[in-house]
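Since the structure of chain A is provided, determine the placement of chains B, C, D, E and F on it from the hints.
Number of protein chains: 6
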Amino acid sequence: MGFTTFGEIMLRLTPSEHAGKINSAQNFGVHYAGSESNVASSLAILKNQVQFVTKLPLNAVGDGAMRSLQSFGISTGNIARGGHRIGTYFIEIGSSIRPSSVVYDRAHSAISEMTFGELDWETILKGQKWLFISGITPALSKSCAEATLLVAKTARKMGVKVSFDMNFRRTLWKDKKDARSIFDAILENTDLLFGNTGVLKDVYDMEVSGANPIDQTISAIEKAKSTFGLEQLAFTVREHHSASENKLSGVALLNDKTTISNSYNVEIIDRFGTGDAFAAGFLHGLGQEWGLDKTLGFATAAFALKHTIRGDQHTSTEEEILSIFKGNISGHVLR
Amino acid sequence: MGFTTFGEIMLRLTPSEHAGKINSAQNFGVHYAGSESNVASSLAILKNQVQFVTKLPLNAVGDGAMRSLQSFGISTGNIARGGHRIGTYFIEIGSSIRPSSVVYDRAHSAISEMTFGELDWETILKGQKWLFISGITPALSKSCAEATLLVAKTARKMGVKVSFDMNFRRTLWKDKKDARSIFDAILENTDLLFGNTGVLKDVYDMEVSGANPIDQTISAIEKAKSTFGLEQLAFTVREHHSASENKLSGVALLNDKTTISNSYNVEIIDRFGTGDAFAAGFLHGLGQEWGLDKTLGFATAAFALKHTIRGDQHTSTEEEILSIFKGNISGHVLR
Amino acid sequence: MGFTTFGEIMLRLTPSEHAGKINSAQNFGVHYAGSESNVASSLAILKNQVQFVTKLPLNAVGDGAMRSLQSFGISTGNIARGGHRIGTYFIEIGSSIRPSSVVYDRAHSAISEMTFGELDWETILKGQKWLFISGITPALSKSCAEATLLVAKTARKMGVKVSFDMNFRRTLWKDKKDARSIFDAILENTDLLFGNTGVLKDVYDMEVSGANPIDQTISAIEKAKSTFGLEQLAFTVREHHSASENKLSGVALLNDKTTISNSYNVEIIDRFGTGDAFAAGFLHGLGQEWGLDKTLGFATAAFALKHTIRGDQHTSTEEEILSIFKGNISGHVLR
Amino acid sequence: MGFTTFGEIMLRLTPSEHAGKINSAQNFGVHYAGSESNVASSLAILKNQVQFVTKLPLNAVGDGAMRSLQSFGISTGNIARGGHRIGTYFIEIGSSIRPSSVVYDRAHSAISEMTFGELDWETILKGQKWLFISGITPALSKSCAEATLLVAKTARKMGVKVSFDMNFRRTLWKDKKDARSIFDAILENTDLLFGNTGVLKDVYDMEVSGANPIDQTISAIEKAKSTFGLEQLAFTVREHHSASENKLSGVALLNDKTTISNSYNVEIIDRFGTGDAFAAGFLHGLGQEWGLDKTLGFATAAFALKHTIRGDQHTSTEEEILSIFKGNISGHVLR
Amino acid sequence: MGFTTFGEIMLRLTPSEHAGKINSAQNFGVHYAGSESNVASSLAILKNQVQFVTKLPLNAVGDGAMRSLQSFGISTGNIARGGHRIGTYFIEIGSSIRPSSVVYDRAHSAISEMTFGELDWETILKGQKWLFISGITPALSKSCAEATLLVAKTARKMGVKVSFDMNFRRTLWKDKKDARSIFDAILENTDLLFGNTGVLKDVYDMEVSGANPIDQTISAIEKAKSTFGLEQLAFTVREHHSASENKLSGVALLNDKTTISNSYNVEIIDRFGTGDAFAAGFLHGLGQEWGLDKTLGFATAAFALKHTIRGDQHTSTEEEILSIFKGNISGHVLR
Amino acid sequence: MGFTTFGEIMLRLTPSEHAGKINSAQNFGVHYAGSESNVASSLAILKNQVQFVTKLPLNAVGDGAMRSLQSFGISTGNIARGGHRIGTYFIEIGSSIRPSSVVYDRAHSAISEMTFGELDWETILKGQKWLFISGITPALSKSCAEATLLVAKTARKMGVKVSFDMNFRRTLWKDKKDARSIFDAILENTDLLFGNTGVLKDVYDMEVSGANPIDQTISAIEKAKSTFGLEQLAFTVREHHSASENKLSGVALLNDKTTISNSYNVEIIDRFGTGDAFAAGFLHGLGQEWGLDKTLGFATAAFALKHTIRGDQHTSTEEEILSIFKGNISGHVLR
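Going line by line, the protein sequences match chains A, B, C, D, E and F.
If you use the UniProt record's numbering, the first sequence corresponds to residues 1 to 335, in order.
If you use the UniProt record's numbering, the second sequence corresponds to residues 1 to 335, in order.
If you use the UniProt record's numbering, the third sequence corresponds to residues 1 to 335, in order.
If you use the UniProt record's numbering, the fourth sequence corresponds to residues 1 to 335, in order.
If you use the UniProt record's numbering, the fifth sequence corresponds to residues 1 to 335, in order.
If you use the UniProt record's numbering, the sixth sequence corresponds to residues 1 to 335, in order.
Just so you know, the hints here were simulated from the structure itself, not pulled from any lab data.
Please note that the accuracy of each hint is not assured.
It does not matter which identical chain is used: a pair holds within one copy or between any two.
[Claimed, not checked] Straight line, CA to CA, 30 Å or less: simulated BS3-like cross-link-like pairs of lysine-lysine: (1) K225 - K129; (2) K247 - K21; (3) K47 - K126; (4) K126 - K247; (5) K21 - K47.
Okay, chain A solo, but in the shape it has when bound (with noise of 0.2 Å):
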């Protein structure tokens, strides 16, 4: 009875030196990444069953990936492998000013080019409660979008419930009619969508109203409640002071109860992977039956926290965020 997450791994290759450039890096620091395994590993640390499906070169850059990902406990088992390469991103993390800037090269990736039949998506989703998949993707290529939406629908299909985060890469769609297309489809198999106000106006020019970000968010959430159909949505709300300085809160809308969480000025180590975080912490409270309240303060305790937190893994565990969720923010030394 547990998760699986579905999409793209990619080497991600950080300049070593704190606050490297990537032009004059001499060392890159190796992660493997990519929203929905990093919503997998999160989903793993809070000791949870998690598999993770994608396509991996049969190389030894491959076999990184799959090492990494079995570090954190979930099931690599379904991981199909073959294909040229892996996509590969170079990071600089920024600082004050200075934003964070990503350079992308995952063209032609292993999973780019995989097709839905190549697995065996009955065996895989067989018994599995939660289906977590994203807008980046469908981005990847057309087999990919087909793969995405005929995967929604398998699960949909088989009861298992399907969780979608609306990412949206600009620089992967020639136009957002594409995306919003296959957006479209894939939110009619959705369970539980995962957003923010940006994401929104981006792709489906929808206008908020409110006087401050959270007002904005719950707008936007009623919003995507009523055009999408849909009852279950949990919401980001970044308010950007710098590279170094986010102030994070939460909108959840369940069943027509709409909650707000607490906020948290953070500072930031690594800005990455932040959403999935929060998607992972929500997904996790679910499972735990924790109640709306309990489950939106933990995921939004979760991409607060993981902004501490070097690599797009988020690795805290339930006990530490749970920690942050009930006020301990103060940094006491735990002894």
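Frame of chain A; chains B, C, D, E and F shown alone:
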């Protein structure tokens, strides 16, 4: 006419990567530290004659601790060698809302199995001015509790002044009554007490009044003075904003005169060893016969400055600490 | 139908600097290793189903060991969590005339305080093909000696074959009679013995004849066969030239047939875990039903190849080991 | 039609460990830097034609400086090789209340023993648009003071505009009268002056009025204009909050028009080379004929942005600096 | 009157840890390398005028390659910028019986999608003395094969001599007939051929005679001379002992005179880029008009010396290579 | 009753990357070393009372040298502080046919500008057993030459035995006659001479006979004995195979008895400081009154063993060196 400190020095292992986690560390940075050896190294760097007394295993790791101590100019000639192991601890440096945390592996260390009689304390303490001990050593084992008390008594008898930092490591004590009982006996032989509001509450259930942390500390220091019958007390004041930022002050009471230091808002590089920096700074000021205001000001400047230095050791020179004390805290480059 | 190994996994700390010394190390490289877990990781990398059974403390360091084991694909579901600490050892990698050396700090580890009854061995061993144990675990404590023997007996009873590597850690035994006594009992439950000439001499005072190390090993293996009444024995042969260069071979005796492998002169990157690589290679060959010559050849190639890999773990794939076995040892670049 | 800068480039050694101290550094990070070479590298990264002129020893360290300069695309064809050593300096990066500090070891460097006549300046300066020099070079030695003045005069004579950054290194001058005397002569040959309120006070005892640092800088720039008879002046404004945070602005006066830039609050990664980034940005704007507002705005954005980049070199592209100038300082990730 | 090389430069990622494996690397060391750029950097370090021509993506990784090339003093003014990605490869440095291995990820690189017409080759080649190309570029794509041939023809027509290193990357060709066909056309435009016995066998099934590798190479070079109608040929000779030790020599034939170099037994730090060091050394000798013996001797010394240097680039100076050529190979310290 | 050594300690900078080059180093490893301080650290590690006398600048780099010296247990109480700089040198560690090389930047160091009268040598030398000096210090400056001679004379006068290592740094002397002249004067005050065949030839044009290096060294030692009128001489014998491998021996002559040590073939990690390890080992043996054979055997074992240790310092314990002396050179792991 120097200083002697007695206690445990441990191997401190910290993930080498900035803000790294213990569970995925590929490298650990190596320090050797402990409350009493930290006080010794600070005093040595401030150009005092200092010896540190402990017991270390006769192997390469014990040798590493010896080399570390010697590098600061600490006399190590009275360190016993033998026993089975050096105590070890693992540190995760927190950041923002994420607290620092410590995993201890210190049971069965050489010093914890040591007895008072293993060393010739009369020779060791001959001609010394100050002994520094802390509440940690009595917590290590029954023989350590006995030894600490006997060392304090011997010092007293020989005219060496005794300073006692009432550190309280909750997890090392079965019952706080045990701590209270040995602390009471030590306090009878104490000339100068280091502490803070929290520890008095934890160990002695001492309630304090006051609208703010400074006032509360004044209240605490006065209660401690009357309760324990002491004439010299120096307390740190810490206000936690987050794991990355604290507000720091000091309060001291000497011969009925109470003084309050400046306060410092500091961003934290490494929070460990800061109380030890305060104690060393205070002892140094007494040794220099600077008078209470300068002594407390210097100790508090050292306390604050240590937060910006990696490792448990406070490696700042007297000139650097005095410069902070004089108010040079706006970061002009020293060329 | 897989493999189960049982024993201690430790935190291995190696000075990060190439050829660095423990007493002046500024950083330690982190590995988690132990004879039985090394065998498990090799078998997992060779794509076998493997589980490793041990006890680990419930803290971040124990979590680190878990993550390391999982990264190789080892099943960790039957690892007990609890106790006080993980055993630790420090390694200096030797070079040329300077020997490698080890400082152990393994007393009081979680597994050393563990009893047979803490785990449900009948469930653990159900359906397993091979159990692997070594002579190290019985040396850790009385309860470990009992547990090891009981595990072997349980396996035997359940039809799981028992392989035993007669590792002998001199410093862990008060008297070698103690080792002999427990080894005797284990040998009565052993199907396959791993060893070498030296250990038989050390533990059993077994004298061997022969003009060269290979002949001496044949002599030893035959004596062991008759002394212990075993049908399957596989021994390593090591000729020390220096800390940087060894000559390596293997000898095996299966059902009265003795075979000798090729010999390899290797330059050594890391000498640790090499016997474990041999055992894993041999078990893998048996599992693949390759016949004695290929099985021994593969095991010896793995034994030799491991010397060129840093860390205790042998991370070579089956293809890489087979390539050595086929004689590709002249270093042509694989593109 | 490019830029020429002339001065000293040094070996900069910075403890590799984040926030490390010189006296216990195990590794030093290596940069090659100096005010005039920093201006050259910024200009080269901004895709200008730049040459840097200096003298470097003919050894592997001198070669290292050459490689560093070339890597940015700086022309090094007119660098003299010879002399005895490269100047060296050691840096401790401050944090919070702890100031950054510098230990110089630059006496007897190759350039300090160089004379004007060693190079053919008429050939070097032919067809150049701007010469950049600073107040540091004249401080190195008598021959350097003479050379700097002669280079400025030669440039003037040949129609190359002269920009002069009035850096004042207190410890390099016996008496500030010496500095004033050579600065006066250089200023007679200067077209564009870089400076700040502090240096005018230090060297010329120039008192300024104004309620805040911006107003004080306007006052200083107007006094400098009338005192030195200059038409182009660009000054930085720095408000120190701590070693980790500064508020930064710029003020310029061109042909009787005074402009004030935006201000930036920045968290500091590396404070060194920031004034050089300002000068390079200003010269770049003039070269692009951007007009005063954009030129000063760009220079100040470069000044602020450099604080977030490790090393003395400002490695940001024109696009990155313009983005800051346009107000993108809230740290949105660039994908 | 300089050298032009044309081909692909790639991002080389090597596990940072000495002898590390790709699948568990935590950090990758960064180099930018490729056969033709390696020849360019060697020639530049030998103080020749060199330009390198390629196509690089317009992102921070492409900028990194530019900075690396410039650091050696290579002219990069004719490098096209654009396309989608830089080719990448991962290297495991072998040791002893463990071979080095390479994982390529170079498909779809900017240069592989480039055409001859994108650059103005007549301008590029004007006044050049030598063009260097290799057999790798034609293997990248059809357009690259065409471009390489057209570049060679253009050079020939303009009086620029053409040197061709017959590198053969098996995995990049569908059929070796394709290689042969394009190589034949290039050879018609070749003045100087670099190669070895192996490549002639692989591509042309050319059988050689001779009792030892030197004699076999003489046989190969004579056959190549008559088969291809060439007057200048320089071949490397490599005898593999292990991944850590090779014996290296050179054989050249110029205008009917055959010469054999000294042989060197070397321990290998990094085996990559060694053939390129040979080619650069030979071209340098021709440029210096040293005569055949010194030219081949220098090239072979460079070939051998490169094996002791990390990275693909041969960074030795002319003085250092000449010293090897003169027989200073016993390792006396140079002070 | 201890040892005093007098001379220069320098900052040693070595590229951090294994086998790295100075001209492209991104990080330098930091050591503090010099012939006389190396002898002091070896003697301290061997548990002798040792003081090192020199002059160091009063800055953080000088403090670093102090901390390094103290870490070994060397007394630093008689080190003068002041002057302008610490001498610096850069090292490239050679490998195979590539020699190690050194770039010195030591002119104008604090000690080079020091005079005999700055220190109270009678107090320093009171009660000492041995003084150790070398031929390097007299080469630093005229005042150093005078000081070295006066120190030797003072020692002699006070009954402290003088040992002199005739190091000859060619590049520090204008004419070898200058060296000969000061060496002659020192030799008149010398009790024990360290040297080798090469230095006698270089400085004194002393020709030796003998079929092999051992015989030649015997010849040299006998000539030196008669030429200089000495009774105690200990010479190293080095046969260079490559930068990675040397054969090492020792020859000593005491009171007319000549002894030859075992020879060791070693693979070299770091060749620097090896002669100093020999001298320290020999002095230690004399101090222990071991007799000539064991003393020379120990010194030569130390000499050989140091080649396998990084840095100039020989950090082996007496037990480790004795083990080599006893023939344990085949690399059995010490557990």
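Verification of the supplied hints:
1. K225 - K129: within (22 Å within a copy, 55 Å between copies)
2. K247 - K21: For K247 and K21, both the intra-copy (26 Å) and inter-copy (24 Å) Cα distances are at most 30 Å.
3. K47 - K126: both (20 Å within a copy, 25 Å between copies)
4. K126 - K247: neither (40 Å within a copy, 53 Å between copies)
5. K21 - K47: Answer is between: at 18 Å across copies they meet the 30 Å cutoff, but 36 Å inside does not.
The structure does not agree with numbered hint 4 stated previously, though it agrees with all others.
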